[in-house]
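Asker: One-letter residues, chain by chain:
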Amino acid sequence: MKMLRMLGRGIRDAFKSVFRNFSLSLASISCITITLIIVAISIILSYNVTNFTKEIEKDLTIVAFVETDATEDDVENIRNELEKISNINQKEIKYESKKAVKEAMQGESEIFNSVMSEWNDDDNPLKDTFQIKVKDVEKITETAKKIEKIEKISVVRYGEGIVDKLINAFNYIQTITYGAVVALILVTIFLIINTIKLTIYSRKREISIMRLVGASNFTIKFPFVIEGMVLGLLGSIIPVLIIIFGYPYLFKITDGYVFTPLVDLISPNPFIYQISGMIVIIGIIVGMIGSSSAVRKYLKV
Amino acid sequence: MDIIRLKNVKKQYKNGTTALYDLNLNIEKGSFVFIIGGSGSGKSTLMKMLYREEKPTSGQIMVGGINVAKLRNSKVYKLRRKLGIVFQDYRLLPKLTVYENVAFAMEVIGATKQETRVKVLKSLEIVGLKNKIHNYPNQLSGGEQQRVAIARAIVNNPKMLLCDEPTGNLDPDMSIEIMKIIEKINKDWGTTVLVVTHDKEIVNKMKKQVITLKEGRLVNNKAKGTYDENA
Numbered sequence: 007m008k009m010l011r012m013l014g015r016g017i018r019d020a021f022k023s024v025f026r027n028f029s030l031s032l033a034s035i036s037c038i039t040i041t042l043i044i045v046a047i048s049i050i051l052s053y054n055v056t057n058f059t060k061e062i063e064k065d066l067t068i069v070a071f072v073e074t075d076a077t078e079d080d081v082e083n084i085r086n087e088l089e090k091i092s093n094i095n096q097k098e099i100k101y102e103s104k105k106a107v108k109e110a111m112q113g114e115s116e117i118f119n120s121v122m123s124e125w126n127d128d129d130n131p132l133k134d135t136f137q138i139k140v141k142d143v144e145k146i147t148e149t150a151k152k153i154e155k156i157e158k159i160s161v162v163r164y165g166e167g168i169v170d171k172l173i174n175a176f177n178y179i180q181t182i183t184y185g186a187v188v189a190l191i192l193v194t195i196f197l198i199i200n201t202i203k204l205t206i207y208s209r210k211r212e213i214s215i216m217r218l219v220g221a222s223n224f225t226i227k228f229p230f231v232i233e234g235m236v237l238g239l240l241g242s243i244i245p246v247l248i249i250i251f252g253y254p255y256l257f258k259i260t261d262g263y264v265f266t267p268l269v270d271l272i273s274p275n276p277f278i279y280q281i282s283g284m285i286v287i288i289g290i291i292v293g294m295i296g297s298s299s300a301v302r303k304y305l306k307v
Numbered sequence: 058m059d060i061i062r063l064k065n066v067k068k069q070y071k072n073g074t075t076a077l078y079d080l081n082l083n084i085e086k087g088s089f090v091f092i093i094g095g096s097g098s099g100k101s102t103l104m105k106m107l108y109r110e111e112k113p114t115s116g117q118i119m120v121g122g123i124n125v126a127k128l129r130n131s132k133v134y135k136l137r138r139k140l141g142i143v144f145q146d147y148r149l150l151p152k153l154t155v156y157e158n159v160a161f162a163m164e165v166i167g168a169t170k171q172e173t174r175v176k177v178l179k180s181l182e183i184v185g186l187k188n189k190i191h192n193y194p195n196q197l198s199g200g201e202q203q204r205v206a207i208a209r210a211i212v213n214n215p216k217m218l219l220c221d222e223p224t225g226n227l228d229p230d231m232s233i234e235i236m237k238i239i240e241k242i243n244k245d246w247g248t249t250v251l252v253v254t255h256d257k258e259i260v261n262k263m264k265k266q267v268i269t270l271k272e273g274r275l276v277n278n279k280a281k282g283t284y285d286e287n288a
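Residue numbers (our numbering), protein chains in the order written: chain A, 7 to 307; chain B, 58 to 288.
Keep in mind that the hints were calculated from the coordinates and are not lab data.
Any given hint might turn out to be false.
Simulated coverage check for chain B against chain A, where a stretch passes if three residues somewhere in it have a Cβ under 8 Å from a Cβ of chain A [unchecked claim]:
{"hint": "1", "stretch": "137-148"}
{"hint": "2", "stretch": "155-168"}
Ranges between beta-carbon positions, derived for each pair [as the list claims (entries may be wrong)]:
{"hint": "3", "chain 1": "A", "residue 1": "Lys60", "chain 2": "B", "residue 2": "Leu153", "range": "20 to 28 Å"}
{"hint": "4", "chain 1": "A", "residue 1": "Lys210", "chain 2": "B", "residue 2": "Gln196", "range": "20 to 28 Å"}
{"hint": "5", "chain 1": "B", "residue 1": "Arg62", "chain 2": "A", "residue 2": "Ser29", "range": "45 to 53 Å"}
{"hint": "6", "chain 1": "A", "residue 1": "Leu13", "chain 2": "B", "residue 2": "Gln196", "range": "28 to 36 Å"}
{"hint": "7", "chain 1": "A", "residue 1": "Phe224", "chain 2": "B", "residue 2": "Lys67", "range": "30 to 38 Å"}
{"hint": "8", "chain 1": "A", "residue 1": "Phe224", "chain 2": "B", "residue 2": "Asn226", "range": "29 to 37 Å"}
{"hint": "9", "chain 1": "B", "residue 1": "Val175", "chain 2": "A", "residue 2": "Arg302", "range": "32 to 40 Å"}
{"hint": "10", "chain 1": "B", "residue 1": "Gly185", "chain 2": "A", "residue 2": "Ser29", "range": "33 to 41 Å"}
{"hint": "11", "chain 1": "B", "residue 1": "Val175", "chain 2": "A", "residue 2": "Lys306", "range": "28 to 36 Å"}
{"hint": "12", "chain 1": "A", "residue 1": "Ile243", "chain 2": "B", "residue 2": "Asp146", "range": "24 to 32 Å"}
{"hint": "13", "chain 1": "B", "residue 1": "Lys127", "chain 2": "A", "residue 2": "Leu51", "range": "51 to 59 Å"}
Residues on chain A that point at chain B, a partial pick, calculated with CB under 8 Å [as the list claims (entries may be wrong)]:
{"hint": "14", "residue": "Gly14"}
{"hint": "15", "residue": "Arg15"}
{"hint": "16", "residue": "Leu218"}
{"hint": "17", "residue": "Val219"}
{"hint": "18", "residue": "Asn223"}
{"hint": "19", "residue": "Thr225"}
{"hint": "20", "residue": "Lys306"}
The beta-carbon is built from N, C-alpha and C at its ideal position, and this holds for glycine as well.
Only chain A is shown next, with the shape it has when bound in the complex (with noise of 0.2 Å):
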């Protein structure tokens, strides 16, 4: 019960002081506000990069020739060999027949058409194909090349150098994202713990005396922890509202892609909903944590 109506009284004093010491306040809501803009666009920018490295890795396909004069029987054993190869998605293998890859070029227009329609099982000049999915796509190249030494295997193509180069590139920009957002917080924790000295100093006096008078540590220390995480709450609310309108409309404005229709942004719904939560989040545990170890120092009289 008395733990109860001290906590009340905490929360009290902490949203008085937040609209008593209101421009002080402002300086710490508005410090809040800029740096978790900034920490929302780098969540989103990593969670987009992310996003479409896994779907540029899911349509990374390795495409293995077979000899025109390959038996049944030695497409069987080649299908044997990929499985046993570990980085090969054993559910991913598929086998097309060159009689198979002729009909899908058919219908793909109308001169293939005419001019394969002519052509029969015994001169069909295509070859045999397995497309092949990894599951790491780091390790592609020696992957190929395994492939490349199985009996009957003429030709194994991936789209080499390309895909190592985008690989790093999107390797280099989620670290690079990730990084950033760290420091974002960092500082944030720092500027904020900064602006709330600020707020507590102008209050020395009066932590003093209630430290004189017989007030707990915990009692002096909870209102100023509210009142950290109260300002976290009021500093997110602009980033928030930025994410929930700005977000689907750079979506709406884009057509969901950005350059090419390869590189996907992730929809909307409800991807925006658990950015905001993060952000709502972040804001009060930064401003929990600056508070707290800002009132630490007048603690010790």
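Add chain B to chain A, keeping to what the hints say.
Answerer: Coordinates of chain B only, in the frame set by chain A:
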């Protein structure tokens, strides 16, 4: 029974100056004690150690059954709840009214509104300020502000009242009035009172126990003492 017991207490500040050398002192429950001495005699240091603003360098301090020398920072509030402390500069909160200033001491230890109200009005009545509860500190005279501070110090019915130069900023008439209030609290409630002062007139007039410190050492402890000119 002794409410305060100091054994071989030494205090040396970080800058090297020694404020107290090997102090032994017992103060009986319910007594009224003046602590006098010139500047640098260590009387303020002694006071600060009693409410644990300073820790002794060595030695033992027991206050109301609490080992103050070993008291952890986070547990200091347990000691302070047994004490009422009055300072020369009143230490009131300027943005709160007289009533709120006194109630503040009750609120922070989690008293109910009702309990707070009864006790605050009671202690304001004792110091004779019941008619000014809605004034702010800057609307009061120095003597009145000090009375508010006393009301705040006694609102929790402390076992002990520590006063650090309570009349230092007041004129002689006002000083005597303040001392009368403190004496009344000592008599009516049996609260142990320690007053650090260098107000000769008051000490001589009141005829209480006087402890004299000089350059960090106890030089005199008389039951019905007067201000020692040599101190």
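Asker: Decide, hint by hint, whether the structure agrees.
Answerer: Against the structure, the hints come out as follows:
1. 137-148: Three-residue rule met by the stretch 137-148 of chain B, so holds; n is 5.
2. 155-168: holds (count 6)
3. A:Lys60 - B:Leu153: 20 to 28 Å: violated (60 Å)
4. A:Lys210 - B:Gln196: 20 to 28 Å: holds (24 Å)
5. B:Arg62 - A:Ser29: 45 to 53 Å: Once the Cβ atoms are compared, 51 Å apart, the range 45 to 53 Å for A:Ser29 and B:Arg62 holds.
6. A:Leu13 - B:Gln196: 28 to 36 Å: At 34 Å between Cβs, range holds.
7. A:Phe224 - B:Lys67: 30 to 38 Å: holds (33 Å)
8. A:Phe224 - B:Asn226: 29 to 37 Å: holds (34 Å)
9. B:Val175 - A:Arg302: 32 to 40 Å: holds (35 Å)
10. B:Gly185 - A:Ser29: 33 to 41 Å: The hinted range 33 to 41 Å holds for B:Gly185 and A:Ser29, with Cβ atoms some 40 Å apart.
11. B:Val175 - A:Lys306: 28 to 36 Å: holds (34 Å)
12. A:Ile243 - B:Asp146: 24 to 32 Å: About 42 Å separates the Cβ atoms of A:Ile243 and B:Asp146, which means 24 to 32 Å is violated.
13. B:Lys127 - A:Leu51: 51 to 59 Å: Roughly 55 Å apart at Cβ, these two residues keep to the hinted range, so it holds.
14. Gly14: violated (11 Å)
15. Arg15: holds (7 Å)
16. Leu218: holds (6 Å)
17. Val219: holds (4 Å)
18. Asn223: holds (5 Å)
19. Thr225: holds (6 Å)
20. Lys306: holds (6 Å)
Checked against the numbered hints above, the structure breaks hints 3, 12, 14 and satisfies the rest.
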